[in-house]
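A.B. asks: These protein sequence lines are chains A and B, in that order. The numbering of the first sequence is this note's numbering, which starts it at 31 and goes up by one. The numbering of the second sequence is this note's numbering, which starts it at 429 and goes up by one.
The hints are simulated quantities; they were obtained by calculation from the structure and are not laboratory data. Bear in mind the structure is a predicted one, so any value in this text is a computation, not a measurement. Watch out, some of these pointers could steer you wrong.
A few chain A residues facing chain B, derived, Cβ under 8 angstroms [said to hold, decoys possible]: (1) L76; (2) T79; (3) S99.
With the Cβ distance kept under 10 angstroms, some of the chain B side facing chain A (calculated, not the full set) [what the hints assert, rightly or not]: (4) Q459; (5) K461; (6) R465; (7) D587; (8) Y635; (9) A638; (10) R675.
Ideal placement from N, C-alpha and C gives every residue a C-beta, glycine not left out.
Each chain, letter by letter, is given below.
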Amino acid sequence: MADTAAPAADPLLRGRVAGGICALLPEVLGRELADVSEATTLMEALGMTSTTGLELILRLEENLELEISVEDLDREHFETVGSLADYVAANLLED
Amino acid sequence: MTVLAGVGVYVPEERVPIEELAERIGLTPMQVKIFRRYHGLGEVARAPKEGLIDLLRAAVADLEDFDQVKHRIRYVLHARSFSVVVPYPENPVRELCDELGLEHASAFAVGHHACSSGLLAVEVAGRLLAADSDDDPQALALILAGEKAFTPQSQMVPDTSFFGEGAAACLVQAAGERDRLLAYAVDLRGEFDDDSPETAAEYQNIYADALADAIKAAVDRSGTPMDEIALMLPHNVNLVAWRRVCRRLGVPTAKVVLDNVPTLGHVFCADAFINYRTARQRGLLRPGERYVMAAAGAGFGAAFAALVVEH
Chain A
31 MADTAAPAAD PLLRGRVAGG ICALLPEVLG RELADVSEAT TLMEALGMTS
81 TTGLELILRL EENLELEISV EDLDREHFET VGSLADYVAA NLLED
Chain B
429 MTVLAGVGVY VPEERVPIEE LAERIGLTPM QVKIFRRYHG LGEVARAPKE
479 GLIDLLRAAV ADLEDFDQVK HRIRYVLHAR SFSVVVPYPE NPVRELCDEL
529 GLEHASAFAV GHHACSSGLL AVEVAGRLLA ADSDDDPQAL ALILAGEKAF
579 TPQSQMVPDT SFFGEGAAAC LVQAAGERDR LLAYAVDLRG EFDDDSPETA
629 AEYQNIYADA LADAIKAAVD RSGTPMDEIA LMLPHNVNLV AWRRVCRRLG
679 VPTAKVVLDN VPTLGHVFCA DAFINYRTAR QRGLLRPGER YVMAAAGAGF
729 GAAFAALVVE H
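If we strip away everything but chain A, and leave its shape as in the complex, we get (with noise of 0.2 angstroms):
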């Protein structure tokens, strides 16, 4: 899903997403990560789980004052730090 619609979003705004999930990654996991980059993985690197995945797109919204639809959010979405900013950054439901 975030695939088609990826290519549309800002790249600005994007980075500005991968950078806030980078930010929040610490707070949500409860721990101190080193070397976190848009290719880390979220649940194989890092163990996110589902809930925590949830719990970071909640806090994102928070932080960067953003509305995310999360219709189509799904399992591939959490793949990556990357994959999740190009998933967030094409499914805003308003600036």
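Dock chain B against the given chain A, drawing on the hints supplied.
C.D. replies: Showing chain B alone in chain A's frame:
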């Protein structure tokens, strides 16, 4: 061919907001927010003054012409999500049978398929009646579903849903015009029989795929193209799970009767029957149309199951 000869339901009037339940259980505000925002949950049905027998009795009372057919009931099956549904030595199913004049029926519980035990009960009832059909083609089985959220485990499905109280009663016959059972499929996953966080996470990971696969298996077995399935009657766990299952099946979410998810919660094994009633009330089923009843659950292993039925 097995038919669902009648469905009765009972949903108590009282509703409890999930915030109130969360406070009792000790969930964080963030967890509640996730349930409300993503899982689409709002309130659940609860009947604090009614016991299990009251719930089941009310569902039976909702069956049409029950008094005229009850002498034909040969089996009474209580479909259970949990093995223990009342404190020992209470036996509400036996007690209800005596009360209803069903002393002649064999009464027993069907379980170990977690919240898909209601679908298993339809399959079991069908097999029992088919085996008896030469000497008693008019015999019926009465399936009862519904439990009390009376233990900590039966308050909620972790990270997934809250249990609601209510009940359903379903009469099953070996043959008839409608609703005819075309296929049943179940995938039992014994590897989920442990309480570790890793297993719980893996269960969440495979949930939508496994449930979609069980539905596909039942639909294939029924010889029905997926796009000819008119409706899906889900278990009421949450909206996220069903959106994901639909995506995997290529079925629009609009075909899933999700009306009761935000208002009743997950009524143990009774969801599919309650949603059948909702579908009938909304005029969503026409004669000859095929629909799916599907459910999944975990607890001493996991089970993913589906029935295909022709209305």
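A.B. asks: So, for every hint listed, does it hold in this structure?
C.D. replies: Now for the hints, and whether the structure bears them out:
{"no.": "1", "hint": "L76", "verdict": "12 angstroms, violated"}
{"no.": "2", "hint": "T79", "verdict": "5 angstroms, holds"}
{"no.": "3", "hint": "S99", "verdict": "11 angstroms, violated"}
{"no.": "4", "hint": "Q459", "verdict": "7 angstroms, holds"}
{"no.": "5", "hint": "K461", "verdict": "6 angstroms, holds"}
{"no.": "6", "hint": "R465", "verdict": "7 angstroms, holds"}
{"no.": "7", "hint": "D587", "verdict": "5 angstroms, holds"}
{"no.": "8", "hint": "Y635", "verdict": "9 angstroms, holds"}
{"no.": "9", "hint": "A638", "verdict": "13 angstroms, violated"}
{"no.": "10", "hint": "R675", "verdict": "6 angstroms, holds"}
The structure fails hints 1, 3 and 9 (numbered hints given earlier, in ascending order).
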